[in-house]
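If you read the protein sequences in the order shown, they are chains A and B.
Each residue of the first sequence is one higher than the last, beginning at 1312 in the numbering used here.
Each residue of the second sequence is one higher than the last, beginning at 7 in the numbering used here.
A portion of the hints provided could be inaccurate.
[Said to hold, decoys possible] Label-pair distances were calculated between CB atoms; the ranges are:
1. B/Asp52 - A/Asn1399: 49 to 59 Å
2. B/Asp105 - A/Glu1468: 52 to 62 Å
3. A/Glu1395 - B/Asn103: 23 to 33 Å
4. A/Leu1474 - B/Asp81: 17 to 27 Å
5. B/Val64 - A/Arg1481: 19 to 29 Å
It should be emphasised that the hints constitute simulated quantities derived from the structure, not laboratory data.
None of the values given here were measured: they were computed from a predicted structure.
Ideal Cβ positions, reconstructed from N, Cα and C, are used throughout, including at glycine.
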Amino acid sequence: MFRKIITLFVVVTMVAIGLIGVVPRITQVARAMEIDEGGRGGGAFGGGNIGGGGGGGVIDPSPVAEGTGEALSTQSVADKVASELGGNVSKIDGDVNSWKVNIPNGKRPIIVRIMEAGSGGRANPYFRVSVDGKPALTLEGKFSSDHGLTHFDLSNESVQQILNIIDKYRGR
Amino acid sequence: MDSSDVQVALNKLWASIVEEYHFDVLNHTIRFKTKVVDSGNVNEYDVQFCQVASFYFVDGLDEDRHNCIEPDEGDYVELTSVHFLNEGIGDIRVVPNGDWTNQYSSTPNFAIEMWSKMLFIEAASVKFNQEIFNVGYPAGI
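So here's chain B without its partners, still in its complex pose (with noise of 0.2 Å):
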């Protein structure tokens, strides 16, 4: 199973409509149930991040991650895009203001857009349905 597997999966979920979202921190994964709707047809999928080691959101691009908008009715989260990047995105690390945050960083391999916002995980395995992909972690820092 090569990486070209695992995104040919996650590529399904482009543009999906999240229907229900956990993030489990006691059991390491990160999930979404998700649809979409193609020329009036349905699918369903089901993703579950596994071994999640880190996960990093932003609310938006610079300075409009401040702008935190109020939904209207009718608003949902979408998996705008998710990307698998088998050498990882690049190192997020603290930089600190003090000693002990500096001992936290993680170095991403799922990107996964959501409208403007972006969710970065860095997991060693996906479920998506009932498949399974090790992936493993990238190597960083």
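In isolation and in its complexed conformation, chain A is listed as follows (with noise of 0.2 Å):
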């Protein structure tokens, strides 16, 4: 009896001991996962991360690529748009998640940038085509200087734009 007790006892202390171990560092993993994710939220865009730097904790309820159901970031709208076109997507640095594609175009290169909320004191994530050495374009495929008309929110629309944009000022 006094050995059942004594067993007992053990092994109580062994699975209490064992907790004391396992609790904190599940704690870190969860702690690990809410910065990870939070890191993650800076790129994806649909707003409420303002100011870059993509820290805070913030996960916005980012819209979705269609028919993908993966959550578009400023870096898969530069994949894409390279992909479609030819181009190469470098990561703009000083910034955490802003992108630059840059498109074969004769001697003057189509520049895309896509660029993280907080860039250049925008609040939203947003995106800009230019060519290099001129005006940036307007939804028409015009040059233009006014940001109101050559910058563009992120949105599920904006790598059709982006190509619609390229094509119109190809003449296409």
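Join these two chains into a complex; the hints should help.
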């Protein structure tokens, strides 16, 4: 009987010690996941994470790419545009989730900038299409130096809008 | 005045039209006068990088820097983006063929895109319109 009590005590003690060790580790993993989610939240558009930096732990209800169920991000828009038009994607230093797509266009490449919220002081993620050395392009594919006509908040239609702008600029 | 205050000011210059610029080696300044048109409203800015210790200009990405395009009628220079990095962008060092050029290096703390061109500046302060930001030089080589 005494032996059984000792055995039970040892088992209970070992379980308790195990839990003491495991709980903080579970908490740490949970915290790491929160930070990771916050970081990704900075790149996803849909608002709510103004100021760039990807911090703040805000997880916004981002738009979802049609037919894929995949959350859209500034990077995914950049990748899709580059893939459609044979461009090169590069990350813009100094921002967490801003991207530049260089599309071959003779001596003057077309540059699509897909920028995170906070870039250039703008509240929402946005895009801008320009031709090297020229003013930016409007939705009609015309040159303009007016931000109101050339800076567009990101949405589910952004990839198609970008493709249309470039088609119109090229006279297609 | 922390680094985010500087960036908030510099954000106003993004995609601005450069109307005048002046590199003054004697007085260690680089100055841009720009304007921004937004939905028909025009804002003008005057930014001066002071105590400029170094600047480095590249006319395009990789080999495209050799592609010096003749401007068309109506073309202009744009400050596409202006970034401040408190810790510096990185080190610029000459890989020398001789001895004396390896004594010239810099650690820029401002990166200014002008279309696909890039201007790096190492400066200790910025005067934005009438506001002065003393940012100091980044620690570097």
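Q: List, from low to high, the hint numbers that the structure doesn't satisfy.
A: 1, 3
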